[in-house]
Structures are given as structure tokens and as C-alpha cells.
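Asker: Here the protein sequences line up with chains A and B, keeping their order. Okay, so the first sequence: first residue is 1 according to the numbering used here, each after it adds one. Okay, so the second sequence: first residue is 360 according to the numbering used here, each after it adds one.
FYI, nobody ran anything at the bench for these hints, they're computed from the structure. Given the structure is predicted, the values throughout are model-derived calculations rather than measurements. A virtual CB, placed ideally from N, CA and C, is assigned to each residue, including glycine. Check the hints yourself; a few may be wrong.
Said to hold, decoys possible - Have a look at the derived ranges for each label pair, beta carbon to beta carbon:
1. B/GLN561 <-> A/ARG242: 26 to 32 Å
2. A/PHE331 <-> B/GLU508: 57 to 63 Å
3. A/GLY347 <-> B/GLU598: 34 to 40 Å
As the list claims (entries may be wrong) - Computed list of chain A residues with no C-beta within reach of chain B, every gap over 12 Å:
4. GLU20
5. GLY27
6. ASP170
7. THR215
8. ARG242
To be verified - Covered stretches of chain B (chain A as the covering partner; in silico rule of three or more C-beta atoms under 8 Å from a C-beta of chain A):
9. 376 to 383
10. 479 to 486
11. 552 to 562
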Amino acid sequence: MGLQRYVPVLVLAALVAAVERGVALAGAGYYLTQLIMAAYYCLVAAGLCLLMGHAGQISLGHAGFFALGGYTSAALTTHNLLAHAAEPWARCLQACGVLSEWQNVYGVKVLSVAPWAAFAAAVALALAVAFAIGVPIIRLRGHYLAMATLGFGVIIYRIAAGTDALGRSDGIAEVPPFALAAGLAVGGATALRVFNYYVAWGLVVLGAFVIVNLTGSRIGRALASIHGNEAAANALGVDTARCKVHAFVVSAVFAAVAGSFLTHYNGSIGPSEASVMKSVRYVAIVAAGGMANLWGVLLMGAALNFLSLRGVFGTYDDAVFGVILIAVMLFAPRGLLSRSQLRALRGFLGRRLHAGRAA
Amino acid sequence: MPGALLETHALSRRFGGLQAVQEASIAVAAGSITALIGPNGAGKSTLFNLIAGSVAPDAGRVVFDGRDITGAAPHAVAALGIGRTFQTTRLFAHMTVLENVMVGRHVRSRAGCIAGMLNLPSTWREERRIREKAAAVLEGLDLGGDVREVAGTLPFGVQRLVEFARALAAEPRLLLLDEPAAGLNLHETAALGRLIERIRSQGITVLVVEHDMSLVMDISDEVIVLDQGRVLTAGAPVEIQKNPDVIRVYLGDDHA
Chain A
1 MGLQRYVPVL VLAALVAAVE RGVALAGAGY YLTQLIMAAY YCLVAAGLCL LMGHAGQISL
61 GHAGFFALGG YTSAALTTHN LLAHAAEPWA RCLQACGVLS EWQNVYGVKV LSVAPWAAFA
121 AAVALALAVA FAIGVPIIRL RGHYLAMATL GFGVIIYRIA AGTDALGRSD GIAEVPPFAL
181 AAGLAVGGAT ALRVFNYYVA WGLVVLGAFV IVNLTGSRIG RALASIHGNE AAANALGVDT
241 ARCKVHAFVV SAVFAAVAGS FLTHYNGSIG PSEASVMKSV RYVAIVAAGG MANLWGVLLM
301 GAALNFLSLR GVFGTYDDAV FGVILIAVML FAPRGLLSRS QLRALRGFLG RRLHAGRAA
Chain B
360 MPGALLETHA LSRRFGGLQA VQEASIAVAA GSITALIGPN GAGKSTLFNL IAGSVAPDAG
420 RVVFDGRDIT GAAPHAVAAL GIGRTFQTTR LFAHMTVLEN VMVGRHVRSR AGCIAGMLNL
480 PSTWREERRI REKAAAVLEG LDLGGDVREV AGTLPFGVQR LVEFARALAA EPRLLLLDEP
540 AAGLNLHETA ALGRLIERIR SQGITVLVVE HDMSLVMDIS DEVIVLDQGR VLTAGAPVEI
600 QKNPDVIRVY LGDDHA
């Protein structure tokens, strides 16, 4: 049990590159747009996989954390501080690179928080909020935790949809690209599509690497033990509340990072990103992917989001995810691509093959 | 009591209309095997839970090694060096035997969430030590062949041993055993007695709740008798066997 646990991470990285090459060869570069967006939704699902699959806790409020990240980035990078440009604090912050000056699509000069600083603020805010609400609610179990996180999601949605500074139901548009290197930025420019594809999926690979590390570590074992038998874990010195809060916070940060990046890529964010249906969608993806099976979750996340973003589900978009969740809960409550399901399938196919050979 | 590793002072706990434990004061000598006996409903398990922190007392104190641990959370009690097993075995059924025992090393290791996510060199070095120690504990209980088995699939007797291994991996100073012989056959019970004595010889104090009287009389240095939540008496096994109060509690007034 050493480096072999990284093999799936490398396979994922290779797959990511192969898909990009395949799309390029097929001359279907326009698919990349949806693949990029799907990657960020996959990042949310990956964090939720840690929380649901490994820690055994549910959250119906992860769209809230996604929106928290996205709206923080959007609000800070678009709020024009040009009127204060001459003041000493503004000049000082501009000298440090925290504030940056740019021109929006209408040619208006804007002085606002630089994307990297806004990103840091988004992550910090998600961290703080996840801690603040995680500490009291993670003690709740089952339905009660689901309801509490659902309530959090609804609150974030109402704030997003009801605050003038956040554009109410219009959301925030004209979010500037997030420059990562000279000429390379997270943004919607067609010329940067391939770069953005690798940034988005690179983050997913990085997220997978972090989750593989964590689940194979002392804390990951502690989380699994909580999932197995909380009283016994407690008696062995596992501070169960603390471990669960940590898993909750980590998964919230995953969502906020995804929200921040996708907002820069899209150049906008609206309250629908915070809606409860989005949260349900993430839960459905994790359930369909097999709860603790990160690779299944990423596969489902990529496939379902890609299809959804291509408009394959039409007006039934939300309904499809609802049906998936109901079906998984009915027929495979431990998740569709879960280890036990896969083992059963392998056993079944093995028997079939054997019978075929014998006959 | 001088030399006591664990003491309770007038510990009480009520559940609704039931006074489960009433002003129970016991002392467990360091390095001893102390048995806690009594008829069903005498409050043995509640007293255990009060010591382990999984139930909070209404009144009274718990003192471990001179430190007041009354009302401390179970994980904090475990971190201080009190390990326990449960009446019904509570393994992490979906994890392997080795992983179960590795969780036992939790209090003896440090890597936190961030170190775990980054898998720093210090983290994987610690991880290797956890693995080695867990394997050694399993080897010591002759479970070396089962390390890769999924715990939930093992026979009952083996599961109980794995639970022992898991508790021992934490290197506790005091081990609380809740009816360890329940469900074991004669042969397994005899082996269990030898195992408990071996654990004590490693310097671990043992407090055991047990119904199997031959096992209790065989291995205990001191026997504490509970009845209806109160401490009836305490003493060496031979004294307890002759005590008319104890006989009355167990067999009824006619036999006293």
C-alpha cells in the first residue's frame, strides 16, 4: 500500500488528456466548453464524495458553498473602486497587487479586487462559514442533518436572489478573467479553451490526489471508523465531531474553489447556482457514482453534467437528476457504482462466463 | 485508596424512573484484574459507561490516575489511556482487520487533516509505524493470518479477539472489558482468561464486567459486587464466594 494508490489518479490524468486529444482530432472543440464546466461540477461532487461516502454525512447545501465561492469572486472583482483610487489605502493595495485596474466589455475603467485576492477571500469565507455552521449542525444525524444543510442552501439562495449588491435574480455579469500566467487566464475566450480545459480538469486531478491522500491517512481511517460505528470510534479516541467537521469544511472548500473558477470561466454567476435543485444534483451524482467510489463519482459527474449542459435532458433536466436519486435510493441505496455492487456484478458476469464455457 | 489507578466517588445516574447507579464508589488497584459482577440490571454497564464517558453522571466523581475525569468525552477518556471493548462486538465491519487495529493507534499518532491531504514525508513515516505496530499487536494475538480479511466476515470469536487487538493497539493503562466471555464456548473462555492474564502481565490494569463466574473467580484479584445500582461488597474472590449477601442477591433469600 504505497504508491499504487496513485495509479487511478494517473489514469484519470491520462484520460483527461486523451479526451482533449480525441475532441481535437474529431474537430469538435466546442465540446470542450461543456467539459470544462462539467469539470468544476465534478470538483464539487468529489468533495461531497468525501463527506457522504467516507464520513457518512449528507449535505443538501453544497450548492450554497459553490455559490458562496462564485459570488465572492464575482462581487469583489466587479465592484468598482475607481472613485477611491486616489486614497492611500487603495494605492497601497494596488501596489501590492490586491487591487487591479482593467476595462470591462463596455470600455469602462474598473478598479477592483484582483481575481487571486478575491479567490483567496472566497476560500477563506467558505472555510469560515463551513466551520461556523458545521460545528453546531454536524452533531445532527440523518434526516436532521439533511434538513439543516438544506436550510443553509435555501438561505444562501435567498441572499443571492434578494441582495441588490449581488444583482438579485440577474446575478453578477462581466466578471473578469482570472489571469494565471502571462496571456493565460481562466475565462471564456475561445483561444484559451484548451488551456481552460486543462486548468479545470487539472484541479479535478489535484482534488482526487488530495482525497486519495486523505482517505488513506489517519484522518481518513478515523472517518471510515465513524461511518462504521461511531461509539466504537469514539472509544478509541477519535474525536468524531471534529473529524466530521473537518470533512465538511474540506468538502465546502472544494465547492467554493469550483464556484470561484467557474464564475471566472463563465464571466457571470446567477442565483440558480445556489438553488436546492443544484444541491440535489450533486447528491444524485455522488449516489449514482457509488458514494465512496471517487472514480465512479467523477465518471458520473462528468457524464451527467456533460449531457445536461449539452441540453440532452431538455426541460426535464432537474427531473432527470431527481429520478436518478430516487432510483438509486430504491435499488442501490449504497450507491450505483459502489464496491459491493461492482463485486456483485463481477460475480454475476464471472458465473455467466463460467456457465458459457461449461456449456 | 492508595495505589488505585481508577476510583469512583459516590457516582450516581438515573434514567427516567430507574436509578441505574446509586452512589457507587469503587477502586481499581493499579496492575490488578478487577471484576465487576452483579445480577442483570445491577448497573454494571452503566457504571462502565460512566467511567468511559459515554454516559454523564448526575452526581459523583471519576478519578483516573489522580486526575478528575468526570464528564470528559469518550474520546478524551480514551486519549488519557482508558481502552474498552463492548458487550456486543463493535468492529468496523467494512474495514479490514488491519485497518480496524490501525484505528486503535489513533490516540498514539498525530497526523491531522492537512498533513493527511498532502501526505507529507512525516505523515507516511508515521503511517508506516502505525501499520507496523498494528501488525505486531495482531501477531501477538495469533491473528497475523487474518490481517487482510474484512472484519465483518470473520467468525464471532475471532471478531472479539480483533476488538481486543484494536483496544490494545492504543496501549491503554486501563482496559475496560464488557462481558468478554459472552457467546464464547468453554474452550474459548479458558483461552480468554489466559489472554486477560497476559494483558495484565504487560502492565495493563483490567476492569472486567463478566457473568461467567468460573472465569471471574479464576482470574480476578478483586471482585466488586453491584446490586440495584449500589456497591454491595468488594473483596478477594474467595471472600466473595462465601459472602452471604452475595449468595442472597444471586440465588434468593432461601440460600443465604
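Asker: Does the structure break any of the earlier hints, and which numbers would those be?
Answerer: The structure breaks hints 2, 3, 7, 8, 9, 11; every other hint is satisfied.
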